[in-house]
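Residue numbers (numbering that gives the first Met the number 0), protein chains in the order written: chain G, 0 to 577; chain E, 0 to 577.
In case anyone wonders, no lab produced these hints; they're calculated from the structure.
Honestly, I wouldn't trust all of these hints.
Copies of the same chain look alike in the list, so a pair counts if it works inside one copy or between any two.
Unchecked claim - Dumping the calculated DSBU-like pairs for lysine-lysine here, alpha-carbon to alpha-carbon at most 30 Å: (1) 573 / 525; (2) 126 / 525; (3) 387 / 315; (4) 550 / 126; (5) 540 / 126; (6) 126 / 575; (7) 525 / 315.
There are 2 protein chains.
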Amino acid sequence: MRQQTAFIPTMREMPADAEAVSHQLLVKGGFIRQLSAGVYSFLPLGRRVLRNVERIVREEMERTGAQEVLLPAMQPADLWRESGRYDVYGPELVRLRDRGDREIVLGPTHEEVITQLVGQEISTYRKLPVTLFQIQTKFRDERRPRFGLLRCREFVMKDAYSFAADWESLDAAYRAMYDAYHRIFARCGLAFRAVEADAGAIGGEGGTHEFMAIAASGEDDVVTCSHCDYAANMEKAVGRGTNASLKASADKADAAESVPDAEKFHTPNLRSIEDLVAGLGIGGNELIKTLIYMADGSPVAVLVRGDRSLNETKVKNALNAVELELADSETVLEITGAATGFAGPVSLRIPLLVDLEVAAMRSGVAGANETDFHVRHVVPGRDFTLEKAGDYRNAEEGEACPNCEAGSLRVIRGIEIGHVFKLGTKYSEKLNARFTDAAGVSHPFIMGCYGIGVTRLLSAVIEQRHDENGMLWPAELAPFQVHIIPVSHQDEAQMEAANELYEQLREGGIEALLDDRGERLGVKLKDADLIGIPIRIVIGKGIAEGQVEWKERGSGEPAVRMALADAGEAVRNKLKNR
Amino acid sequence: MRQQTAFIPTMREMPADAEAVSHQLLVKGGFIRQLSAGVYSFLPLGRRVLRNVERIVREEMERTGAQEVLLPAMQPADLWRESGRYDVYGPELVRLRDRGDREIVLGPTHEEVITQLVGQEISTYRKLPVTLFQIQTKFRDERRPRFGLLRCREFVMKDAYSFAADWESLDAAYRAMYDAYHRIFARCGLAFRAVEADAGAIGGEGGTHEFMAIAASGEDDVVTCSHCDYAANMEKAVGRGTNASLKASADKADAAESVPDAEKFHTPNLRSIEDLVAGLGIGGNELIKTLIYMADGSPVAVLVRGDRSLNETKVKNALNAVELELADSETVLEITGAATGFAGPVSLRIPLLVDLEVAAMRSGVAGANETDFHVRHVVPGRDFTLEKAGDYRNAEEGEACPNCEAGSLRVIRGIEIGHVFKLGTKYSEKLNARFTDAAGVSHPFIMGCYGIGVTRLLSAVIEQRHDENGMLWPAELAPFQVHIIPVSHQDEAQMEAANELYEQLREGGIEALLDDRGERLGVKLKDADLIGIPIRIVIGKGIAEGQVEWKERGSGEPAVRMALADAGEAVRNKLKNR
């Protein structure tokens, strides 16, 4: 493509409203433009990268034997009512009414449509297993769309769905996708981790992994082990506590009997954990934090240690709740009889979800359910029930790994670029999608679902691959593999050489970007750095001796001189080895 | 792909609810399934054909230098208000509100988005001309979605938009698209005509052509000449009348003075043209039909000859009206003072749109604006004004061609598969999208827009290319080029040969469909005819002598025997010559 007439509106300044570096560079480099919050147009460079991602995804999907389909964005709301997701999904689900006043949703995913389709068309185990995939536009009305392509309201996803007759077959389909995802993200040049994940609102039984691109700017916490290959997202990660608290737990059984009776004491204005730690001169690990939540309208109390943070997803899953929110101060007063900050487990008449670490405490200080009072010598199991003890907190940096003896946990940031779920029969049962086995017995399909954020991948790659001058595209994704830059567009010899190389590459199936603009060299090189095409060939005065300059973007190597006659061959060799 | 595990749910019976043969075959052959009215899922075979169409379209677009983009489906309603289309588009425009209660439309086309985008990013003539295209999902809430992919509510379009600094440059961009469309439709194996068209609601100045696939099942009338290359759609086509009426017109000037005064006479119960022709014993061409319409809320009368039919698009364009509908009987009574069927032009105090053929009549019979009365000896120009004379009727079979002396018009049916429009400055003026010329003067962009119904093409191809047994895909579009059919999946020699050929083709980059199902040969061949893959290789008992059977779908030629060893080479030769 010739740059003079190419629609590549690069900018001189960083766009002011973009926070994430990938967002800044995609806009500055003329790859995307915002139409409205979370809704983007892909300009020619962005579209070319997107096509490359689509090609890689398609190739690796087909390599697993998955078959491509294309499902509609507009879906009948009734189908979503059947699956039960119409109410669960909340305001993120884009809803509308058609001219016949029928309710329609714009698909954020396609479990319902594909389950109904396969349920109608496949009736026997002999046609199983089958995995279907599509690369398609999704809609999700995010509360806070941001970071450019990282969190959009309209975006392209690859979603795949597997249908199997038994769990072993699901395992095989899941594994095939898991492996394909590794190949896809590797070809995209990403540093990533597959982490154990929580199944979340999409539900389902069995395993689920998220694929996380490692990036400081990521919105997700990933918990990894310093020693073994344990990796989980924050909703799933389990900490084993620090060595000190493990020790305390071990001592507990011996020591519990020696704790005096619980005793109320006056703590005026000590509402927060920080107030209590400062005011009482004790550690946060000696405090029992009691949080009152409303779970689908009913109150529950969740207890975590004072120095820990609660994980709402874990609580939601334990309660099988759709909505979970902190109770307001009025509700807290009604339930505990005290102002917020003085709730405690003793004599509280609502369900108590006790974090395992609290359950392991010898004794602690808790709220007294009376404003300005706390209770000391509170013994878990003696002074309140441990019936609903479980893991309700976030794992933290430095905790012991749940998977090995030697490691401790580290928390790093990541961008979710893919997920693989074992759905089991969640959707096939609800939508009555069944097949008949060899014995003539009917069963619901055993399903898996597998997603990749195709547009989001562009941002994830740039978050990892950029420098202070611009983007660093791997050859497989780059909008063009080669950038040909004559120093002066008015120099006939330079332009002739540039055109010759351009045509030669094109004949070999390699489309280059040829900078034929009437710009100064400085402007051209700045744009070239920004756009980040991997191979750059500058044609200057050296062309009098048949010489050009070869530079690889981001290699750190200086430019090398090369005969124009060799440049085409050098490009082919370089791209062969990518 | 191996058919046993391929998701190709063919049906034994024709689907009962499908009218068009393309709809029947696409469903029966397992290419598509309906999700809701006018909304379809593409199954693997359908998706493969769709990808082939996309590839052809993309290749031919890029060959013209057009650059690919991807624009959002969700568009701010305010942008549509700026262009003035928000109100004009009516209920076909899918509208919704997001969680912030902002009004959103789902794009049926993208003039607004692309004009705003280019207006923001291109400021100088030096970056012009530029043509941008996308292959993207569109939404249109059709009142009567039907005929499968021919009229959908969600469908894939290729839309392109050109931006130029002057009209010559627009002409060149238009011509490039016009030529590309010819190549695209030819590669799709279609018989088609480019016809002059009416610009319709999308508006704009200058030329516009529709590309029509010739098909008896088409919903559009195409008017062509028996002699010259004149072709126009019904909204645009102009008839020159039959020779008889032309003669009458020529005689008129001489004869007008001899017509007696207009005279009212009693015509009880003669309301319709048929009633009058029968009751009065005169020809329809001697009657003046007066139709009362409401155009954007104001009444108008349109006069056409009794034996002609009115074309509402022509009337709308003449009035520059958004909405046009026949007045109800109450309104007719109020305006004419008579029941429906007795309206006439004499003394009528609303605008009169007089068709040229009526204007050319010596005299005629018209309604008297009094129930049960008509008027005879009504002379156009004498008894009512011809100020708004124009072409308001449909051209008809057998009329003289407006373009040549020798030909007469024929009306054939077509399916609109593409259109090319010169938009001029319609959108760039409304959205204030401007560039600066070499002299520093600001102008609105001069635009063109160019559409192809990508999903609709599948149906158009099948409407033309099928026989009583199924579809007849051209090799470039076929879901697979080769269908390998072992007679018995239990015969080891046959299966081994089939697998060998399958792998050999795959290595050469040709993906075949291998029917490894445990079905009877009859079922396999029936499905093969239905699916319509162009080359079929049946492997039966002849394999003992290394022989297979080669048959080309739809060629009419009998199967020929061939050495298995030669089959791969024969496939490559055949596909090379496609």
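For each hint, the structure was consulted:
no. : hint      : verdict
1   : 573 / 525 : within (23 Å within a copy, 50 Å between copies)
2   : 126 / 525 : between (56 Å within a copy, 19 Å between copies)
3   : 387 / 315 : within (13 Å within a copy, 73 Å between copies)
4   : 550 / 126 : between (53 Å within a copy, 28 Å between copies)
5   : 540 / 126 : between (66 Å within a copy, 27 Å between copies)
6   : 126 / 575 : neither (39 Å within a copy, 35 Å between copies)
7   : 525 / 315 : neither (50 Å within a copy, 54 Å between copies)
Going down the numbered hints, you'll see the structure goes against 6 and 7, while the others check out.
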